[in-house]
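Student: In order, the protein sequences belong to chains A and B.
Each number in the numbering used here corresponds to the 1-based position in the first sequence with 16 added.
Each number in the numbering used here corresponds to the 1-based position in the second sequence with 16 added.
Wrong hints could be hidden among the right ones.
Pairs involving identical chains hold if they fit within one copy or between any two copies, as the list cannot separate such chains.
To be verified - Using 20 angstroms as the maximum straight-line C-alpha spacing, the simulated EDC-like pairs for lysine to aspartate or glutamate come out as follows:
id	residue 1	residue 2
1	Lys134	Asp199
2	Lys54	Glu198
3	Lys73	Glu83
4	Lys58	Glu147
5	Lys134	Glu192
6	Lys134	Glu198
7	Lys117	Asp199
8	Lys54	Glu21
9	Lys58	Glu28
10	Lys117	Glu83
11	Lys58	Glu82
In case anyone wonders, no lab produced these hints; they're calculated from the structure.
This one's a predicted model, so the numbers in the text were calculated from it and none came from an experiment.
These are the residues of each chain, in order.
Protein chains: 2
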Amino acid sequence: MGVKERQEREREAVARGILDAARELFVVEGYQNVSIRKIAEKIEYSPAAIYGYFASKDDIFLALAEEGFRLLFAGEAHPPAAAASVDRIRDGFLRFYEFSKTHPEYFALMFVDRSVPKISRDWARFGFVREMRATMSAGIQSVIDSGAFPPGTDAESVFRILMSAVHGVAVLRLCERLAPGEDADALARDTLEAALAGLRAGITHTFRPVKCN
Amino acid sequence: MGVKERQEREREAVARGILDAARELFVVEGYQNVSIRKIAEKIEYSPAAIYGYFASKDDIFLALAEEGFRLLFAGEAHPPAAAASVDRIRDGFLRFYEFSKTHPEYFALMFVDRSVPKISRDWARFGFVREMRATMSAGIQSVIDSGAFPPGTDAESVFRILMSAVHGVAVLRLCERLAPGEDADALARDTLEAALAGLRAGITHTFRPVKCN
DNA sequence: TTGTTCTACTGAACGGCGTTCACCGCAGTA
DNA sequence: TACTGCGGTGAACGCCGTTCAGTAGAACAA
Numbered sequence: 017m018g019v020k021e022r023q024e025r026e027r028e029a030v031a032r033g034i035l036d037a038a039r040e041l042f043v044v045e046g047y048q049n050v051s052i053r054k055i056a057e058k059i060e061y062s063p064a065a066i067y068g069y070f071a072s073k074d075d076i077f078l079a080l081a082e083e084g085f086r087l088l089f090a091g092e093a094h095p096p097a098a099a100a101s102v103d104r105i106r107d108g109f110l111r112f113y114e115f116s117k118t119h120p121e122y123f124a125l126m127f128v129d130r131s132v133p134k135i136s137r138d139w140a141r142f143g144f145v146r147e148m149r150a151t152m153s154a155g156i157q158s159v160i161d162s163g164a165f166p167p168g169t170d171a172e173s174v175f176r177i178l179m180s181a182v183h184g185v186a187v188l189r190l191c192e193r194l195a196p197g198e199d200a201d202a203l204a205r206d207t208l209e210a211a212l213a214g215l216r217a218g219i220t221h222t223f224r225p226v227k228c229n
Numbered sequence: 017m018g019v020k021e022r023q024e025r026e027r028e029a030v031a032r033g034i035l036d037a038a039r040e041l042f043v044v045e046g047y048q049n050v051s052i053r054k055i056a057e058k059i060e061y062s063p064a065a066i067y068g069y070f071a072s073k074d075d076i077f078l079a080l081a082e083e084g085f086r087l088l089f090a091g092e093a094h095p096p097a098a099a100a101s102v103d104r105i106r107d108g109f110l111r112f113y114e115f116s117k118t119h120p121e122y123f124a125l126m127f128v129d130r131s132v133p134k135i136s137r138d139w140a141r142f143g144f145v146r147e148m149r150a151t152m153s154a155g156i157q158s159v160i161d162s163g164a165f166p167p168g169t170d171a172e173s174v175f176r177i178l179m180s181a182v183h184g185v186a187v188l189r190l191c192e193r194l195a196p197g198e199d200a201d202a203l204a205r206d207t208l209e210a211a212l213a214g215l216r217a218g219i220t221h222t223f224r225p226v227k228c229n
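Build the full structure now, drawing on both the sequences and the hints.
Tutor: Next comes the structure, spelled out in C-alpha cells:
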C-alpha cells in the first residue's frame, strides 16, 4: 500500500536530480549559461519534463539559493564553543567571506545576481534566514554586554555594518573588480578590522542606531 | 572635400544613437532584458546594422561602462576647493554611494553585473580609471600627512578599505538584499564612519599595508 | 482479467534571442 | 556614364524559456 509513498519518493528523487544537475552546471558555467535544455540533457529527460517539478528556471535557482543559505548557516552554526567575544564575531564574518570564496556561485545566487528572482520577496521560504540573523545579532549583543563595545551600541547595527564591510570585498573579488594582484583576503581582513575597530572605539561623526522595520 | 569627415561624423552619430538607445532601454529594463532587436527598433535600423558599429552586445555595454566611469569621475573631480581633510575623504566616498543610487544601472554595469564582459581585462580602455584612482590615493595621502591618521598609514589601503565598505552597502541596496524598511543611506554612512574611525584609531589586530600589484 | 483513470513524460511548436551572410541600392569617384 | 565600395537589409542558423496536445504505462475498480 506504500504506493503513494513510493511515488512521492520518486518525485523527490527526480527533483533532487534536477537541482543537482543545475548546481553542477551553474558552478561550471554560471547562471546565464545554464539552460533548461542542458539540465534536461544531463538528467536524460525532455526539457518539458522539468516543468512538472519546477514552475520556471528561476524557481530552480531559488531552490538552490535556499540550499545555499542552509549551507552557509551549517558552517556558521557550529556549537558556539568559545565564549562570546570579539574574536568570535570576527571569525563569524570571516567565515562569511570564506563562504563567498568556497561557494562563489551559491554566493552569487544569494547576494549578487540580479537576474535571480528577488529573494527578499519570498518571505515564508526564507524565514529561517531571518531567524538565523536574529540569532547572530543576539550573539553580538552578548559581546556588547560583556563591555567590548561602547555602552548603548546597537547589535543590529553592528551586524549590518560588519556584514556590509565584508560583503563589499566579497563582491569586488567575485566580480573581478579588483586590480590584478590585489590581495582580496587581506583586504577582507583589513576592512573588517577597520570597521570593528571603529565600532569599538565609538563612531564619532553621525552614528545612530538604524531602526529596524 | 569634407566627404570623409562628414561620413565620419555620420558614423559617430549613429554609434551615439545606438549607445543612447541602449542606455535608455537598460535603465528601464535592465541588461538582461535589452536585446539587439529592441535597440535596433528604437533607432529604426535593422538588427544587423548594429554590427557595423559594435562587434557584439557586450561591446555596447562595455562602451556604456566607460561612459559610467567618466560620469562618476566628472562628479568626483570637482575642484578640490576645500583643503585636504577627513571630511573631504568622507564626502568623496559618500558621493560614490550616491552615484550608485542616482545611476544604479551604470553602477551595476561598472561594479556588479557579472554578465558584462570583464572590465579589468581592458587595460588600455580603462587606463583612465587607474589614473583617477591614483589621484584619489594622492588626496588621501595628503590627509594622512596632515596627521589625521596614525603615522605610517598606507593611502592605498585606506582607499581600498573605505571603497569596500561603501561598495558593500551599495550592492546590498541595489540587489535588494536588505530587509524591507532597512535604511540603506544610514547604513552607508555608518559603515563608512565605522571604517574611517577604525582607520583613524589605528587597527589593532592584523592590519598591515596591502601590497599593490 | 478487463476496462478505466490518472500521471509522468514526450515531441513539436511559439516567439524570442545574438549573430552571420549573401545581396542590393546608392553615394562617391574616375 | 561606368565602376567601386560601403551601409544597410532580409533571411537564416542555432540557441533560449515555456506551453500544450497527445501517449505509454502504472494504479486501481469491476
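Student: Indicate, hint by hint, whether the structure satisfies it.
Tutor: Status of the hints after comparison with the structure:
1. Lys134 to Asp199: between (31 angstroms within a copy, 18 angstroms between copies)
2. Lys54 to Glu198: For lysine 54 and glutamate 198, neither the intra-copy (36 angstroms) nor the inter-copy (39 angstroms) Cα distance is at most 20 angstroms.
3. Lys73 to Glu83: Classified as within; 16 angstroms inside a copy, 33 angstroms across copies.
4. Lys58 to Glu147: neither (36 angstroms within a copy, 47 angstroms between copies)
5. Lys134 to Glu192: between (23 angstroms within a copy, 7 angstroms between copies)
6. Lys134 to Glu198: Answer is between; shortest inter-copy Cα gap is 16 angstroms, intra-copy 31 angstroms.
7. Lys117 to Asp199: within (13 angstroms within a copy, 28 angstroms between copies)
8. Lys54 to Glu21: So lysine 54 and glutamate 21 fail the 20 angstroms test inside a copy (30 angstroms) and across (50 angstroms) alike.
9. Lys58 to Glu28: within (17 angstroms within a copy, 47 angstroms between copies)
10. Lys117 to Glu83: For lysine 117 and glutamate 83, the Cα distance is within 20 angstroms only inside one copy (16 angstroms; across copies 31 angstroms).
11. Lys58 to Glu82: Result: close neither inside a copy nor across copies, 22 angstroms intra and 39 angstroms inter.
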